[in-house]
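Peer 1: So the sequences go chain by chain: A and B. Using the numbering used here, the first residue of the first sequence is number 1, and each one after it goes up by one. Using the numbering used here, the first residue of the second sequence is number 252, and each one after it goes up by one.
Just to be clear, a hint being listed does not mean it is correct.
[As the list claims (entries may be wrong)] If we take Cβ atoms under 7 Å as the criterion, some of the chain B residues that face chain A in the derived model are:
1) R359
2) A438
3) D441
4) I442
Derived from the structure by calculation, the hints contain no laboratory data. None of the values given here were measured: they were computed from a predicted structure. All C-beta atoms, glycine included, are put in the ideal place defined by N, C-alpha and C.
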Amino acid sequence: MPPADVRLTVEDLVVGFGGNTVLQGVSFSVARGFTGLIGPNGAGKTTLLNAISGYVSPTRGRVLLGDRPLTSLRPHRIARRGLGRTFQTPRLVPELTVWENVMLGLDGHIGWDRKRSHVVSLVRVEELLRQLDLNDWRDHPAASLPFSSQKVVEVARALAADPLVVLLDEPAAGLGPAEVERLIEPLKRRVEERGLAVLIVEHDIELVTRLCSRIVVLDFGQLIADGAPAQVLRLPHVVNAYLGAGVAAVG
Amino acid sequence: MNPAVRYGAIGFGVLALGAGVFFAPAYLNAYLMYLLTWIAIYAIAGTGLTVLMGWTGQIALAHAGLFGVGAYATAYLAGHGWPWPLAALTSSTASAGLGALVGLPAARLRGFYLAIATLAFGELLHQAFVQLTPLSRGPQGMAVVPIQLDGIDTPSLVWYLAMVILAAVMVTLTALGRSRIGRCLKAVRDIEPATGSLGISAMRYKLLAFAISAFLAGLAGAVFGQLITFLTPDLFDLPLLVIFLVQLFVGGVNRLSGALIGAIFVIAVRELLQSHVVSSLVPALVGSGQTLAFGLTLILVVRYLPSGLASLPARLRSRRPRPATLSPME
Ligand SMILES: Nc1ncnc2c1ncn2[C@@H]1O[C@H](COP(=O)(O)OP(=O)(O)O)[C@@H](O)[C@H]1O
Ligand SMILES: [Mg+2]
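Please take these sequences and the hints and turn them into a complete structure.
Peer 2: Quick look at the structure:
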């Protein structure tokens with residue numbers, strides 16, 4: 001039975017690079033709140049986000065945002081339909097200030113041929129800077145920010161247009177525990193307040209369990225589990241996939 | 252600084268500058284006015300390259316050809332009875348259209364390949380000036396009908412025209428650079444792969460930058476026709492392109508002020524190379540030797556002062572190393 005208020009549906013998605021099939025028929029859905037996407041390195045998590053957001057074309061299957069298929073739309077069209085995302089490494093414009101970088105999250109959505117107005121955008125950016133505690137940085141160029149703040153700015157930018165669905169690729173990677181809190185708490189509040197749907201790739205299981213009502217597990221391009229964290233994390237094959245990766249990462 | 256003081260100072264500066272521009276023809280000799288007008292025209296053309304290469308990170312080597320399109324088309328239309336402003340605006344718009352056409356390959360090409368494609372387009376335009384004799388009179392050359400206004404001699408009028416256009420362009424582009432469009436252009440330059448995820452069509456902004464840049468080249472060319480009064484195809488060939496590039500890189504690709512600083516530099520250096528002292532010492536520096544000298548300058552500047560002269564004050568103020576750029580994209 002599909003969960004209520006499904007925002008994003010992935011149906012039988014297959015992605016290959018040359019002879020290498022990276023996603024092998026992946027199906028799941030994303031509803032309001034946080035959905036966790038976990039799996040060992042190289043499992044295909046980033047590729048899945050790339051396929052959803054139009055950066056790579058699947059060889060089979062389709063993605064629906066709401067009930068509209070995104071088939072063969074280019075990334076900026078998909079974004080305008082209401083899909084936001086971040087990248088594993090922050091991609092900010094170095095010389096632009098924090099305010100300008102967050103504003104960029106709305107710039108593609110404003111204009112004579114778009115729904116949003118400039119005034120609403122200004123208000124929206126102020127809100128985000130305040131909520132994510134970025135006001136001290138607002139007039140500084142992004143290049144001068146510490147890595148952790150750059151990641152916060154990128155999340156703010158992805159949320160700026162109030163997308164139906166947001167894809168976050170390891171937003172907490174490379175952050176210390178205090179920095180993770182500084183990002184996650186306001187993010188959680190914002191997501192609840194605006195009723196957003198978030199698909200979050202994250203390695204920190206404790207964090208995933210805290211945030212997500214549901215997690216999906218990817219291993220070698222296949223979805224090996226989908227359900228509530230407490231149940232999924234107890235499944236033997238999930239534990240195996242994860243411990244295996246853990247050992248490999250250490251060794 | 253107190254805002255009232257600051258705006259006061261700015262207002263005073265603008266007034267002083269305006270007065271300087273207005274009274275210059277009365278106090279400076281005709282040759283110096285000629286050079287100053289030339290600087291203003293190159294500065295207008297240079298801002299186009301700032302937008303395209305500096306802000307948007309595209310390469311365009313058709314700029315000299317598009318400058319020629321502005322010059323020729325304006326002279327042609329004005330020669331057929333069009334009022335000069337209308338002729339110039341129409342020609343600049345046509346140049347913008349051609350510029351967007353040059354930009355089309357930018358969808359797929361970048362770096363070296365984009366350079367070659369745009370260089371070829373510029374050369375094509377040069378060939379058109381040579382071959383389309385019914386329009387351009389070819390190598391024979393084409394006289395330009397001088398603009399006239401009662402009570403002002405034509406050279407002064409061209410000077411005022413160039414300075415008014417330069418001021419308007421600077422103000423407009425400064426506002427543009429700080430606007431949504433400016434942000435999107437810089438995003439295309441620095442984080443093109445991420446622009447799609449922001450709902451920004453990189454292609455659309457590239458084409459816009461190519462069109463703006465070509466419009467400004469055309470507009471500058473239109474005024475240049477009035478300065479030089481006689482057009483021949485070789486005015487708009489590779490040597491001019493080299494000069495534009497020296498101007499851009501010496502001035503600094505990122506800042507509008509760089510276009511003006513670079514224009515002062517190239518005109519000053521050209522005068523120096525042509526002066527009796529230098530040309531009698533090093534006869535090779537006349538003619539094509541000059542282009543060689545500019546080419547060498549270009550290489551040295553790109554190597555030793557990549558942000559150009561416009562970046563010098565900021566660099567000298569803070570001897571600290573420049574902030575590290577963001578981690579490279581994977
Ligand atoms: N553009 C690409 N071309 C070829 N192979 C790719 C490309 N992107 C990802 N891959 C491969 O797909 C697999 C999954 O990568 P990725 O999706 O980045 O994994 P994850 O994000 O789960 O660590 C890896 O083996 C990677 O080498
Ligand atoms: Mg990844």
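Peer 1: Now, for every hint given, state plainly whether the structure supports it.
Peer 2: Structure-based check of all given hints:
1. R359: Violated, about 14 Å.
2. A438: 5 Å, holds
3. D441: Check passed: Cβ of B:D441 comes within 5 Å of chain A, closer than 7 Å.
4. I442: Cβ of B:I442 sits 4 Å from chain A, so the hint holds.
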